[in-house]
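Visitor: Chains W and H are the protein sequences, given in the same order. 1 is the number of the first residue of the first sequence in my numbering; add one for each residue after it. 1 is the number of the first residue of the second sequence in my numbering; add one for each residue after it.
Check before you lean on any hint, since a few could be wrong.
[Stated by the list, open to error] Away from chain W, derived, C-beta distances all over 10 Å, residues of chain H:
1. Gly-28
2. Arg-63
3. Leu-90
4. Gly-108
[What the hints assert, rightly or not] Label-pair distances were calculated between CB atoms; the ranges are:
5. W:Glu-17 x H:Gln-17: 45 to 51 Å
6. H:Asn-77 x W:Val-78: 38 to 44 Å
7. W:Arg-72 x H:Lys-13: 27 to 33 Å
8. H:Asn-77 x W:Ala-71: 33 to 39 Å
9. H:Leu-11 x W:Pro-40: 18 to 24 Å
Simulated from the structure, these hints should not be mistaken for lab results. Here the structure is a predicted model, which means the values were calculated and not measured. Every residue gets a Cβ at the ideal spot worked out from N, C-alpha and C, and that includes glycine.
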Amino acid sequence: AQKITQTQPGMFVQEKEAVTLDCTYDTSDQSYGLFWYKQPSSGEMIFLIYQGSYDEQNATEGRYSLNFQKARKSANLVISASQLGDSAMYFCAMISDRGSTLGRLYFGRGTQLTVWP
Amino acid sequence: KAGVTQTPRYLIKTRGQQVTLSCSPISGHRSVSWYQQTPGQGLQFLFEYFSETQRNKGNFPGRFSGRQFSNSRSEMNVSTLELGDSALYLCASSLARTGVGTGELFFGEGSRLTVL
């Protein structure tokens with residue numbers, strides 16, 4: 001069964017500092033994708049970054065990077081130079097590329113990030 | 001290109017009524033999936049549609065149903081509403097069924113349903 005674990009219910013970071021949000025996953029599938037989404041209080045789920053299981057390099061998107069350690073089944077999100085607008089809930093999610101769970105994203109419980117000035 | 005569009009954004013219903021939510025995926029995307037988000041249960045998978053066929057279904061009662069049209073737009077319906085159905089309903093669209101390889105799996109802004 002697929003499972004995503006985010007162990008940090010809340011994180012605090014000062015503006016302009018870097019922060020790492022943890023995510024571990026459990027799957028027996030070989031081909032899968034890992035996603036990070038940001039959800040502000042308005043509710044929309046904003047795509048941040050994607051990492052495929054066969055991608056050899058860690059994904060980067062502007063200030064976001066994904067620290068992918070396949071053997072440890074970990075996909076941590078690193079936000080560099082935090083901004084006040086980064087305050088939101090962050091979700092890690094996984095989807096498999098085949099099998100009975102095809103088409104379904106599995107989400108962690110989320111990490112509430114607060115950026116203070 | 002336009003993103004995923006969900007309508008209505010907010011709605012209030014009373015117990016026993018029914019509701020229909022709509023999701024228009026990104027142009028060219030053929031897969032639409034639906035999720036329910038509540039404070040207690042988090043994000044839960046409802047169902048996934050691809051090429052007008054329901055391909056996968058989560059563990060929800062039969063009151064929750066959906067469909068997908070030939071233009072890939074999708075609707076979900078909840079009948080005989082209960083207080084516990086109050087939630088944010090999110091729809092996601094992707095090019096293929098998984099988004100693996102492309103990373104293209106995007107969400108709409110959600111429809112926030114309140115049942116009184």
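Visitor: Checked against the structure, which of the hints given earlier come out wrong?
Guide: 3, 4, 7 and 8
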